[in-house]
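Visitor: Use the sequences and the hints to build the structure in full.
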Amino acid sequence: MYDSIISVAELTVELGGNPVLRGLGLTVAAGEIVAVVGPNGSGKSTLLRCLAGLQPATFGEVRVFGEPPVDDGPFWRRVALLGDEPAWYPGLTTREHLELMAAVHPRTRMTVEAALEVFALVERADAAPLNLSTGQRQRLSLAAALLRPSTLLLLDEPERGLDAAFRGRLADLLDAYADEGGTVVMATHDQGLAARAREVSPTGVTA
Amino acid sequence: MSGMTESGVSVRSVRAFVRSRGRTRSSAGDRYVTAFCVAVFLAVAGEPLSDVLAGLAGPGDPARMGAGVALIALAVAALLGTARAVGPVMLPGPDASWLLLSPLDRRHLLGRTGRALLMASVVAGAVLGLGMLAVLGAPDQLVWRLLGALTLGVFASVGGMALAVLAQASQSWQVWLTAAMVALLVLAVVAVSGQLRTVPAIAAGAPLQAVAAAAAGAAVISGLLVRQAWAALGRIPARAVMAASTRAGHVASAAVGVDPGAFTWIAEDNYWRARKLGSRRWPSLPAPFALAWQDWRRLARRRGRLAAILATAAMPAVLAQAGFAPAALGAAVLAGGLAVAASSVSGTRRDGDNPALARLLGVGRRRALAARAALPALLSGAWTALALAALSLTATAMAPGAAGAVVSDAVADVDVWWLFGPLAAPALAAGALRMARRSPVDHSLPVIETAGGAIPLGPVLWAATGVDVAVAGCLPALIALAFPTPEPGALLAAQAVAGAAVLVGYVWRTGR
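Heads up: the sequence lines are chains A and B, in that order. By our numbering, the letter at position 178 of the first sequence is numbered 178, and the numbering carries on one by one without gaps. By our numbering, the letter at position 211 of the second sequence is numbered 211, and the numbering carries on one by one without gaps.
Honestly, I wouldn't trust all of these hints.
What the hints assert, rightly or not - Away from chain B, derived, C-beta distances all over 10 angstroms, residues of chain A: (1) Y2; (2) G16; (3) G60; (4) H105; (5) A120; (6) E123; (7) N131; (8) T134; (9) Q136; (10) R160; (11) G168; (12) Y177.
Said to hold, decoys possible - A few chain A residues that don't get close to chain B, going by computed Cβ distances all over 10 angstroms: (13) A9; (14) T12; (15) T27; (16) G31; (17) A52; (18) A57; (19) T58; (20) P86; (21) V104; (22) A128; (23) G135; (24) G161; (25) D190; (26) S201.
As the list claims (entries may be wrong) - Estimated spans, in silico, between C-beta atoms of each pair: (27) A179/B with P39/A: 55 to 61 angstroms; (28) S133/A with A213/B: 56 to 62 angstroms; (29) G23/A with I455/B: 44 to 50 angstroms.
Derived from the structure by calculation, the hints contain no laboratory data. Glycine is no exception: its CB is placed at the ideal position from the N, C-alpha and C atoms.
Guide: Right under this line is the structure:
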């Protein structure tokens, strides 16, 4: 078994010869919400990609659930990652994307109807995702990530395109997720979201 | 002054500015090299070309004329369809973003594209004219008939392109373009059914005066269309040019490989954007099949497209009537099957391009691939079975000894022939899935110098990815189709084993 959900030690990542992360250490316990903050180019997204097993470390160690993260089916059944906008399947509506998510994950955290309600997508349920506004598409992505069961939620700038009111609601939703025992690591520029989490800077200085 | 805007800046001066700052200025040396290459090409290709032209002398084969006319009509329809899918008026990406949304005169900005389209349609028209002459034959005065055919072909093609440009500029011309394409398809069907046998025969033996009159008529009509199109160039909405310009990159990448799905990628997104959809409950299936259901639902929502795909199963039979060799027919059937399979793996392609949703869904790769192989296998199996059945029927229907009866009598007697379709389907599905999952072209691979010219390894390997697996899995069927035998039992058994083995092997290996 593992003591912490995430343990990162001496993580160094170089991209094209430039060090993006240097000697980063991070430990995240179950039920924690961690906000990775910092200016553009400080390595927030790179850290999330390392945690998701999508970016190999140049030096150092990354462990998620006690093991190095691997980009495979069993890993993604425990981890939900939301980065850039996903490519929506052609010919499916907003509701059908969520139903597909529910059909693949037998024990969802909420019903499709509830997700449409919570993420204010009821009126656009029959629209193709490409016909939604940027903020609505981000809400759909978040709905898909929070509808499915997971142990660890990795979010890269989840506030992208969201209005101020919904950002507040998102913070509540993440709190509820953590109360159920889930762990959240998010890269964010939103001070409201960061204020309700443990703030971490990729340079290794924890707040 | 024309070409000048209110601010007094002309398109020419902007282009000159961009050129002077660019790194890709063509020098006199570059132009000399280009001219030299063209001259060498003409010198090398001159003799084979003149042999081909000399071979056109003599009357055409009446038994092949119907199918030949159908193929030409289909080629023109395909040309119009491609022009519409591409734009046809588009700009290079930087021009589209920087110059289009500016006060510059739009007709002058798009003039260069217009000239390129004209050149392209002249070349396509020349090929079309040669095809026409090959079908109808030249019983006398080859040179004049060749000139007549080339003129007709070029004016038809230029007129068609002008129509496509007009369709991009206004909705009412769009209707005319669609009508022209439908008319060509109807003509193809009628020609191949043999209803119009006398018409091509009359055209083949038409006196030179009639050919000249037809060419003059085509010239007048296409001239009028080109004049209209030139006038419309300034009225094409920026939105249409922008959409075509972003699409151009995708079309170029799709044209390099046999990837009909990618050809329609943006067109597909636009199609769904413009449609009103109604959500339907997702069936409760095991997770991998629930994931794969997306392709089935997409197909069910495009029934017209499904019907069109199934209708193309008649194409190999048309090719057989036009006198193609058995090996070419076999390759056409399997290539068609692969294209059909590739049109139903959009989920795999989306996940290959951007795996974010696949990661959220969290279905294992092997199980997802296995479930997603079912639809392409079913579709390509049905398509190849239909195509092979139509080929057998054609072989039976054609009189023994008639030209075009290339699918041997032995094949016509064997009614299990269509079985190769379903048996090759798993291999075709594996090929289509591999095509959908291939990564972008690796341009870092070396260019190999051979006696026949330089071969860029990256694009070649990219284009071969997917086709390789399909060919390996369809080898028994290919052999059987190229060298028809009266007893294909052993090859059928071999095909069953090869098809299944390739799909299982591919899913097992790739899904790790």
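Visitor: Each hint should be assessed against the structure and marked as holding or not.
Guide: Hint-by-hint comparison with the structure:
1. Y2: 20 angstroms, holds
2. G16: Check passes; 15 angstroms lies beyond 10 angstroms.
3. G60: 24 angstroms, holds
4. H105: 7 angstroms, violated
5. A120: With a cut-off of 10 angstroms, A120/A remains clear of chain B, as the shortest Cβ separation is near 17 angstroms.
6. E123: 13 angstroms, holds
7. N131: The claim is violated: N131/A sits with its nearest Cβ about 6 angstroms from chain B, within 10 angstroms.
8. T134: Non-interface label on T134/A holds, nearest chain B Cβ at 15 angstroms vs cutoff 10 angstroms.
9. Q136: At about 14 angstroms from chain B, Q136/A clears the 10 angstroms cut-off, so the statement holds.
10. R160: 14 angstroms, holds
11. G168: 24 angstroms, holds
12. Y177: At about 15 angstroms from chain B, Y177/A clears the 10 angstroms cut-off, so the statement holds.
13. A9: Holds, since 25 angstroms exceeds 10 angstroms.
14. T12: 25 angstroms, holds
15. T27: T27/A is indeed farther than 10 angstroms from all Cβ atoms of chain B, at 24 angstroms.
16. G31: 21 angstroms, holds
17. A52: 8 angstroms, violated
18. A57: 20 angstroms, holds
19. T58: Answer for T58/A: holds, closest chain B Cβ roughly 21 angstroms.
20. P86: Label violated. Min Cβ-Cβ 4 angstroms, cutoff 10 angstroms.
21. V104: 5 angstroms, violated
22. A128: Given a closest Cβ separation of 5 angstroms, the condition is violated.
23. G135: 18 angstroms, holds
24. G161: The claim stands: G161/A keeps its Cβ more than 10 angstroms from every Cβ of chain B (closest is about 16 angstroms).
25. D190: Per Cβ check, D190/A is outside 10 angstroms of chain B; nearest 21 angstroms; holds.
26. S201: Holds, because the least Cβ-Cβ distance between S201/A and chain B comes to about 26 angstroms, which exceeds 10 angstroms.
27. A179/B with P39/A: 55 to 61 angstroms: 59 angstroms, holds
28. S133/A with A213/B: 56 to 62 angstroms: 59 angstroms Cβ-Cβ, so the 56 to 62 angstroms window holds.
29. G23/A with I455/B: 44 to 50 angstroms: Since G23/A and I455/B have Cβ atoms about 47 angstroms apart, the given range 44 to 50 angstroms holds.
Hints 4, 7, 17, 20, 21 and 22 from the list above are not met by this structure, while the remaining hints are.
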